[in-house]
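Please work from the sequences and hints to get the whole structure.
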Amino acid sequence: MDSSHQAFWAGQETYILRVFLPVIIGFLVLLMGLMVLFALSFWWRHYRLWRLGKDENRFDQVATRLKGFFSVALANITIWKELYPGTMHFLILWGTIVVFVGKIVRLFSFWVGLSLPPQDIFLYASFASETGGVLVLMGGCMAVLRRYIIKPSRLSNKPENSLILLWGLAILLTGYLTKGYRIAAVGVPIPSDWFLWAPVSYQVSRFILILPSESLNELLVWHRVLIHALPATLFFAYLIVCHSPIQHIFLSPLNVFFRSLKPRGVPNPMLDLEEADTFGANDVSQFTWKQLLDLEACTNCGRCQDACPAHVSGKPLSPRRMTQNLKECLWRDGPKLLSVPPDQRQPEPLMGTTVSEDELWACTACMACEEVCPVSIQPLGRIMELRRYLVLMVSKIPSEGKHICKGLQHQGNPWGISRGSREEWAKNLGVKKLSEEAHPEVLFWVGCAGSFDDRNKKVAASLVKILQASAIPFGILGTEESCCGDPARRVGNEYLFQILAKANIEILHRYGVKKILTMCPHCFHTLKNEYPAFGGEFQVLHYTQFLAEILSQGKLRLSKPINKLITYHDSCYLGRGNEIYEAPRKILHSIPGLKLVEMDRHRNRSFCCGAGGGRMWMEERIGRRINQMRTDQAIQTKAEWVGTACPYCLTMLGDGIKELNQEERMAAFDLSELVERSI
Amino acid sequence: MGTFFRAIAILTELAVLTTAVYVLLVGVKLALFDFGLNHKYQGFIEFVVIILGCLALVFLVSHVIAFYPRVSP
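Chains D and P are the protein sequences, given in the same order.
Numbered per this note's numbering, the first sequence spans residues 1 to 679.
Numbered per this note's numbering, the second sequence spans residues 1001 to 1073.
Don't take each hint at face value.
[To be verified] The calculated BS3-like cross-link candidates involving lysine-lysine, where the alpha carbons are at most 27 Å apart (straight line), are:
| # | chain 1 | residue 1 | chain 2 | residue 2 |
| --- | --- | --- | --- | --- |
| 1 | D | Lys515 | P | Lys1040 |
| 2 | P | Lys1040 | D | Lys151 |
| 3 | D | Lys586 | D | Lys514 |
| 4 | D | Lys457 | D | Lys514 |
| 5 | D | Lys336 | D | Lys432 |
| 6 | D | Lys151 | P | Lys1029 |
| 7 | D | Lys457 | D | Lys402 |
| 8 | P | Lys1040 | D | Lys457 |
| 9 | D | Lys515 | P | Lys1029 |
What the hints contain is simulated information worked out from the structure, not anything from laboratory work.
What follows is the structure, encoded as structure tokens:
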């Protein structure tokens, strides 16, 4: 090291040791004590709020949970699904981490003698904290541009959002100024390589005026350090103590760790129906602790709102707004509930105040909100709990919902058509019933739509013909089959769902059924993912999986060409619910001549047809019809046909085509019908 | 040139200091309501915060003009 370097570093160390370190140590001592208190108070406050909720085990499969935790918290993989917000968040997060690492290394380097002469690690740490700050500034600028200039409708600006951005800017600017003053005030020529190790502060130091004496300059640097350290310390306090969006840095990763590992869209079962005093949720304490953590972990990013078909079609539901309103209620009502003994609590009711019935019944249970949430929040689970309260506690359900339940209760189907006519569709098809044939390889679970709806009866018949052509022995339950219970469960009638589910499971056990083939993704989801909670463990396949498999095995060959352009609509319960995206496409690619063109929203981003959540049987009185919007999206592809693998979707798309007078331009088919044509 | 440069430096300094004071005062205001202060006091709190902000600004302007270095870098 030459003499100019030594003089510079001696001057730097004087300022660092006399001015910077005492301030930092003073703050650190104060900070450490306060931080411990703040941290304890932070976690204690939140823990107590979450403990208001019901128990739920989320401590299983720790390795899987940790993997998800790190991939979201550090790599931001779920946020990268959208490039601009992903880049912005990544820059701010990693810029902050790099600043902290650099600062901590530099702070401790003085005590271990790394600073005079400066060792490589000290210099790299200086570079790291400088460039980390630049990354944060870049991310911050992107955030300001997006939040205040581009202004996407899904973002709602609160004073806290502006405060955090401005506060971060103040800390960074004062940090660069402090270091710039320190460099400028040293009074000796600055070594040229410092340009590399402090690229920003070095430039700042060139424009800084200094005082004529060393003592005055020392005082000046004191000022600067305090002006930087005070806002930085108070920012930590604000971050930990106040309910602000910045708390997501603790709460969102925690929420990801405790995320549901069950298949998506499976409501929490109510296993104590006979003993329970209350059903569902009408105050915050009736949610589970994880559902309360969900509320606090919401960053208000609005991705769920953009994906929600109910919101996009102009209905009053916004999953983002509902979550934020429930969070406000938790923060408002939670401390009051905690201040009195449990038996004297008078919680604030949610229905009619925090949540309206219109927004609750607008949900199509399509899971799009859960799919896009970067921090694994599950609005659908909460909506199910609120519906359960309305239906089971106060019998408030739209009139069409009442008809569904009545039909299910008396006839085992949501249309209320006579149970005896359930097997009429199969007349003349040579289908055996399980009561007639002892042990077929496969049970074909027809479902209510395939049994009673005229359009879907044709689909069931096509599927039968395919199975027969493939020489696969199968049977049906006939009149012994009842609705799987999906419509009852989705409208909140858990009691009716369990009656149907238990009756079906009993029949399936009686016949020793092992393998079930379903036509409807809703039946598939319910039998596969929801029946196991009630003792119904079966191998359940959707027909698209089954057909894709026999096509690849060569058991079924498609030879007749269909020279059409088709677009495929992913059903929510096949796609998002069970991640079956490839099998239907494999079937379409197996049909000679058929060309597939994708809609903009396809696979996991697919737009609901509007029939889920019991809405298949309900009128859409508010906003635009969701099925028409989806039909429009299909028409935009210029396809001649739209294919699907769900009876609900087929009905809704067929109706959409008719309502939009597009029958000459487009037709809706089920995939099994196309396969049958091509055999 | 030196006077002009000094004026620019003072304005920059004031902008940074004002930002720091502003975020601290807004932070205090939001924290008070977050701790449960009734929103009926919002007007009063904002009045107090504005007064404190003005006082801080007056102090900073006079302080920086009086003591800011007069020598060139």
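Going down the list of hints, with the structure as the test:
1. Lys515/D x Lys1040/P: Answer violated: Lys515/D to Lys1040/P is near 65 Å, above 27 Å.
2. Lys1040/P x Lys151/D: Distance of about 30 Å is beyond 27 Å: violated.
3. Lys586/D x Lys514/D: Between Lys586/D and Lys514/D the Cα gap is close to 26 Å, so the pair holds against 27 Å.
4. Lys457/D x Lys514/D: Holds, because 25 Å separates the two Cα atoms, which is no more than 27 Å.
5. Lys336/D x Lys432/D: Violated - the C-alpha atoms of Lys432/D and Lys336/D are around 62 Å apart, more than 27 Å.
6. Lys151/D x Lys1029/P: holds, 26 Å
7. Lys457/D x Lys402/D: holds, 25 Å
8. Lys1040/P x Lys457/D: Distance ~64 Å between Lys1040/P and Lys457/D Cα, so the pair is violated.
9. Lys515/D x Lys1029/P: violated, 63 Å
Hints 1, 2, 5, 8, 9, counting from the list given before, are not met by this structure.
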